[in-house]
Amino acid sequence: MKTLIGVLASRDDAARNESLARMLEVLCEDYGQQPWWHDFAFAFSGGTYERVVTGDESDIQPVNDEAWEWIHHTCGVLRLPEGKKHGGGILLGSLVARGSIQFLWPFFSPATSHWLHPENLALFRLADLLSVNTFMNAGSILEWAEVSAQNPDHRYPVPWPPSITLEGTGTVVPIHSVPVHRGTRVGSIYKVFSPDDLAEPADYRDILGDGGAAVIALIAHDEKKDAMREFVVDYEPSLRTHFSRILCTGTTGQIVKEAAPSLAPMVHRYHSGPKGGDLEIATEILFGACHVVVFFTDPLRPHPHADDIRSVFGACMRQDQVRMFSNERQVRRWFDDRFGS
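The sequence shown: position 21 = 76 (my numbering), numbered continuously.
The set of hints was computed from the structure by calculation and includes no laboratory data.
C-beta: ideal position from N, C-alpha, C; glycine also.
Hints may contain errors.
Taking CB as the label site, the calculated pair distances span [stated by the list, open to error]:
(1) Pro207 with Trp389: 19 to 25 angstroms
(2) Asp183 with Gly395: 52 to 58 angstroms
(3) Glu278 with Asp392: 50 to 56 angstroms
(4) Pro207 with Val81: 34 to 40 angstroms
(5) Val202 with Met372: 41 to 47 angstroms
(6) Met372 with Ser327: 20 to 26 angstroms
(7) Asp251 with Val202: 26 to 32 angstroms
(8) Arg295 with Glu383: 35 to 41 angstroms
(9) Asp289 with Pro207: 34 to 40 angstroms
(10) Pro229 with Asp183: 19 to 25 angstroms
(11) Glu278 with Ala70: 30 to 36 angstroms
Listed below are the simulated DSS-like cross-link pairs for lysine-lysine, each with C-alpha atoms no more than 30 angstroms apart in a straight line [said to hold, decoys possible]:
(12) Lys312 with Lys246
(13) Lys312 with Lys280
(14) Lys246 with Lys279
(15) Lys279 with Lys312
(16) Lys280 with Lys246
(17) Lys312 with Lys330
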């Protein structure tokens, strides 16, 4: 069992990556021999790990050899997919939503645009909402190491070696132990493989051709809940016949169950959207486990979790085979044309 620390740094600011690397060296030098570090592991975004630990960027000096040894042998590494290409930030947010990560070290730059990406803002908002220990600079982390890190009451252990199963579909996220090297030094990491790492994406034309094996997500904002209720009632036979699972955020899932009781066994209710449900469904999309997304949004109302909503759209943009519908008229036409009215 280990307590996971989520770590990510702005890819567009070398100074913030350098600050993270130097801070890790100080932690290793001043506290690395403390036995409690065996209870922690780092969940790095892929790009952050490559820049700060491996040293793939010529303008960033990675951690020294002693810190490299400490990170890999005393602690442990879960390497998430790269945020920009494969949605590592969305997966990190999903792990926060499910309580697997209770420490977050975001070394973002206030002078560049990276930290304003929707998945990063959604991660910040969710971490604050769920009272995750969020430390954004070296001083805050070193203070934690000096004052609180040794207290076992401040740990939130999860199984190690790590495993991630997406609750809505039972999809097991592929994680493999991978050897890493630096000179004569040898270590290993647990690497989360994105679908793009493993195989060619599914042919988008065949995704609904398996006779009810497809998974659909139904999400509706408060002002669109009645529209979702009517949609579910009208298309209950098609939903029951052509899909195996229905993924919903919390309140929408309850509406689906009440509107169409025959669909209740198919419904998995994630958290409500503002409490991480949007990011949990976005993770299902990223890993190819959700094939159709119906999101009844209200563009005329402000939403405190707007960045979570954008993250769902972003996940769909990363997975070209997903069918994405964002208004009622559009999805009703598609259901009629695809499955018959």
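Query raised in the report: Honestly, do Asp183 and Gly395 meet the 52 to 58 angstroms range at C-beta?
Result: violated, 47 angstroms
Requested in this report: Could you tell me whether the CB distance from Arg295 to Glu383 stays inside 35 to 41 angstroms?
Outcome: violated, 20 angstroms
**Report entry** C-beta pair Val202, Met372: status relative to the range 41 to 47 angstroms that was hinted
**Finding:** holds, 43 angstroms
Query raised in the report: If you check the beta carbons of Glu278 and Ala70, does the distance land in 30 to 36 angstroms?
Result: For Glu278 and Ala70 the Cβ distance comes to about 44 angstroms; the hint is violated.
Query raised in the report: Do Pro207 and Val81 keep their Cβ atoms within the hinted range of 34 to 40 angstroms?
Result: Since the Cβ atoms of Pro207 and Val81 sit about 23 angstroms apart, the hinted range of 34 to 40 angstroms is violated.
Query raised in the report: Hey, Lys312 versus Lys246, does the alpha-carbon distance stay inside 30 angstroms?
Result: Since the Cα atoms of Lys312 and Lys246 sit roughly 37 angstroms apart, the hinted pair is violated (cutoff 30 angstroms).
**Report entry** Cβ separation of Asp251 and Val202, checked against the hinted range 26 to 32 angstroms
**Finding:** Violated, at about 42 angstroms.
Query raised in the report: Using the C-beta atoms of Pro229 and Asp183, is the stated range 19 to 25 angstroms upheld?
Result: violated, 31 angstroms
**Report entry** Whether the CB-CB distance between Asp289 and Pro207 falls inside 34 to 40 angstroms
**Finding:** violated, 54 angstroms
Query raised in the report: Keeping to a limit of 30 angstroms between CA atoms, is the pair of Lys280 and Lys246 held or broken?
Result: violated, 39 angstroms
Query raised in the report: Is the straight-line distance between the alpha-carbon of Lys279 and that of Lys312 30 angstroms or less?
Result: Distance ~16 angstroms between Lys279 and Lys312 Cα, so the pair holds.
Requested in this report: Given the range 20 to 26 angstroms, decide if the beta-carbon distance of Met372 to Ser327 lies inside it.
Outcome: Holds: the Cβ-Cβ distance is about 24 angstroms, inside 20 to 26 angstroms.
Violated hints for the displayed structure, listed by number in ascending order: 1, 2, 3, 4, 7, 8, 9, 10, 11, 12, 14, 16.
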